[in-house]
Amino acid sequence: MSSTPTYRKVMTRVEETHREGGRGVDPPTRKAVAAAVIDNPFAGTYTEDLSPLFDLGEQLGADLGARAVAALGINPEQVQSYGKAVMVGSDGELEHAAAILHPKLGRGLRGATGGGKALIPSSKKMGGPGQVLDVPLGHKDAAYVRSHFDAVEIWVNDAPRRGELLVAVAVTDSGRPLPRVGGLTTSEMTGEDGLR
Amino acid sequence: MHRGTGVSREDRFVLHHQVVVCEHIFHEGGPAPDTPLRRAYAVAVVSNPFAGRYVADIAPAMEELKPLGRRLASLLVAELGGPDQVEGYGKGAIIGEDGELEHGALWHVPGGYAMRDALRSDDTGSAAAIVPSAKKVGGPGTRLDVPVTHREASYVRSHFDAVEVGVAYGPAPDQMLLALVMTDGPRIHARVGGLRAEEISQGDGLR
Chain A
35 MSSTPTYRKV MTRVEETHRE GGRGVDPPTR KAVAAAVIDN PFAGTYTEDL SPLFDLGEQL
95 GADLGARAVA ALGINPEQVQ SYGKAVMVGS DGELEHAAAI LHPKLGRGLR GATGGGKALI
155 PSSKKMGGPG QVLDVPLGHK DAAYVRSHFD AVEIWVNDAP RRGELLVAVA VTDSGRPLPR
215 VGGLTTSEMT GEDGLR
Chain B
28 MHRGTGVSRE DRFVLHHQVV VCEHIFHEGG PAPDTPLRRA YAVAVVSNPF AGRYVADIAP
88 AMEELKPLGR RLASLLVAEL GGPDQVEGYG KGAIIGEDGE LEHGALWHVP GGYAMRDALR
148 SDDTGSAAAI VPSAKKVGGP GTRLDVPVTH REASYVRSHF DAVEVGVAYG PAPDQMLLAL
208 VMTDGPRIHA RVGGLRAEEI SQGDGLR
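In the order they appear, the protein sequences are chains A and B. All you need for the numbering used here is the position in the first sequence, starting with 1, plus 34. All you need for the numbering used here is the position in the second sequence, starting with 1, plus 27.
Don't take each hint at face value.
Said to hold, decoys possible - Now the in silico label distances, taken between C-beta atoms and shown as ranges: (1) A:E222 - B:S153: 55 to 63 Å; (2) B:E225 - A:T219: 46 to 54 Å; (3) B:G220 - A:P86: 17 to 25 Å; (4) B:A86 - A:G216: 26 to 34 Å; (5) A:E226 - B:R143: 51 to 59 Å.
As the list claims (entries may be wrong) - Here are some of the chain A residues that sit facing chain B, going by a computed Cβ distance under 7 Å: (6) Y41; (7) R42; (8) K43; (9) V44; (10) M45; (11) T46; (12) R47; (13) H52; (14) R53; (15) S124; (16) D125; (17) E127; (18) E187; (19) N191.
FYI, nobody ran anything at the bench for these hints, they're computed from the structure. The C-beta atom is built at its ideal place from N, Cα and C for all residues, glycine as well.
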């Protein structure tokens with residue numbers, strides 16, 4: 035696990051659903067989110083070159099991915115779906131979130147989740163302390179697997195402060211509790227092109 | 028305690044969702060201590076068997092909640108790495124809208140004593156302090172600030188804190204959210220004086 039001493043906070047959250055729609059869910063579906071609060075080095079400035087955030091994204095993908103997988107107590111290969119999101123404090127810019135998320139975070143996260151052919155679904159927004167960030171989820175090898183389209187909330191009561199970024203990674207070992215809206219299933223997918 | 032309702036007592040507070048959160052706090056703008064503060068909470072969203080009507084005799088249900096108290100307490104002790112790691116605690120409840128604030132009060136005994144039982148030992152102390160608590164009625168996504176104090180002495184000022192708990196999808200109107208919180212140290216930059224943990228001497232749960 036790459037250590038990242040610049041964290042102000044890091045949080046893991048594991049959610050289990052044991053019952054849904056009046057029925058038992060056995061085994062329970064499980065999601066884990068790992069989120070870090072870090073300084074936004076470009077808060078309060080307009081900076082053309084955001085590449086330092088690209089590398090930070092890769093470290094965060096690896097470290098937060100490892101923390102989320104560990105929180106579920108599974109092997110990386112058992113991860114079924116994943117997602118990522120960033121909330122930028124008010125002295126930052128939405129593009130700072132994009133710089134963390136899109137160039138390199140996926141490389142770090144896939145390293146922690148036993149690979150993953152599918153695009154990592156993402157969300158980003160500006161926000162303040164305690165605001166909710168919804169992290170989208172999709173199957174890690176086949177983006178069209180409908181049973182695994184989902185999202186999970188994360189929030190940290192005192193973050194992001196104005197000069198901070200809240201960076202979140204989510205993984206699951208399951209899909210939705212009672213999937214029944216058709217579409218591609220895990221048994222039908224081939225998982226080779228990242229889509230089906 | 029089985030009252031012949033056709034429903035076993037374990038079934039009345041059916042577990043719908045369980046959430047465990049652990050927060051590591053490295054600093055808050057000041058000098059980072061060698062070890063971060065950890066604050067963990069465990070919540071269960073369960074059916075509220077008393078929702079939708081007034082039931083006078085609810086106190087026997089406290090017994091039924093004991094297994095849930097033990098479950099959440101042991102999750103937190105495991106999360107923080109053992110009873111000797113735990114320094115602060117608190118508990119709380121959010122009651123769905125078809126229930127009553129009084130239903131949340133059922134959690135005081137099974138929630139509080141489950142934590143104390145999980146923490147007390149010859150090595151780690153008796154968990155003598157009253158477990159601070161908060162409760163309210165609310166809907167899905169409601170957050171509750173659960174107060175936290177030192178487990179051995181309520182007046183230890185460095186450990187006064189609160190942890191915000193909540194779950195997006197609960198409690199539904201006929202559910203309750205029951206929460207336990209444990210922390211492993213003082214506020215990250217505690218510096219407002221008062222009784223310090225090293226000065227606890229009375230064994231009375233207060234000082």
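Hints, one by one, checked against the model:
1. Separation of E222 (chain A) from S153 (chain B) is about 58 Å and conforms to the stated range, judged on CB atoms against 55 to 63 Å.
2. The hinted window of 46 to 54 Å between E225 (chain B) and T219 (chain A) is violated, with their beta carbons roughly 59 Å apart.
3. The given range of 17 to 25 Å is broken by G220 (chain B) and P86 (chain A), whose C-beta atoms sit roughly 41 Å from each other.
4. For the pair A86 (chain B) and G216 (chain A), the beta carbons lie near 49 Å from each other, so the given range of 26 to 34 Å is not met.
5. Against the hinted window of 51 to 59 Å, the Cβ-Cβ separation of E226 (chain A) and R143 (chain B) comes to about 55 Å, which satisfies the hint.
6. Because the beta carbon of Y41 (chain A) sits about 5 Å from the nearest beta carbon in chain B, less than 7 Å, this interface hint is met.
7. With a cut of 7 Å, the hint placing R42 (chain A) at the interface with chain B holds, because the nearest CB-to-CB distance is about 6 Å.
8. At its closest, the beta carbon of K43 (chain A) sits 5 Å from a beta carbon of chain B; the interface hint therefore holds under the 7 Å criterion.
9. The criterion of a C-beta within 7 Å of any C-beta in chain B is met by V44 (chain A), whose closest approach is roughly 5 Å, and the hint holds.
10. Hint status for M45 (chain A) relative to chain B: holds, with the closest Cβ pair at about 4 Å, below 7 Å.
11. Of the supplied interface hints, the one on T46 (chain A) holds, with its beta-carbon coming within about 5 Å of a beta-carbon of chain B, less than 7 Å.
12. This hint holds: R47 (chain A) has a C-beta 5 Å from the nearest C-beta of chain B, less than the 7 Å allowed.
13. Against a cut-off of 7 Å between C-beta atoms, the interface hint on H52 (chain A) holds, since the closest Cβ of chain B lies about 5 Å away.
14. The beta carbon of R53 (chain A) comes within 4 Å of a beta carbon in chain B, closer than 7 Å, and the hint placing it at the interface holds.
15. Look at S124 (chain A): its Cβ only gets to about 17 Å from chain B, farther than 7 Å, so that hint breaks.
16. A cut of 7 Å between beta carbons decides the hint on D125 (chain A): the least distance to chain B is about 14 Å, and the hint is violated.
17. Proximity of E127 (chain A) to chain B is violated relative to the hint, the smallest CB-CB distance being about 22 Å (cut-off 7 Å).
18. Because the smallest distance between the Cβ of E187 (chain A) and any Cβ of chain B comes to about 5 Å, under 7 Å, the interface hint for this residue holds.
19. Because the closest C-beta pair between N191 (chain A) and chain B is about 4 Å apart, less than 7 Å, the hint holds.
In summary, the structure is inconsistent with hints 2, 3, 4, 15, 16, 17 from the numbered list given earlier, while agreeing with the others.
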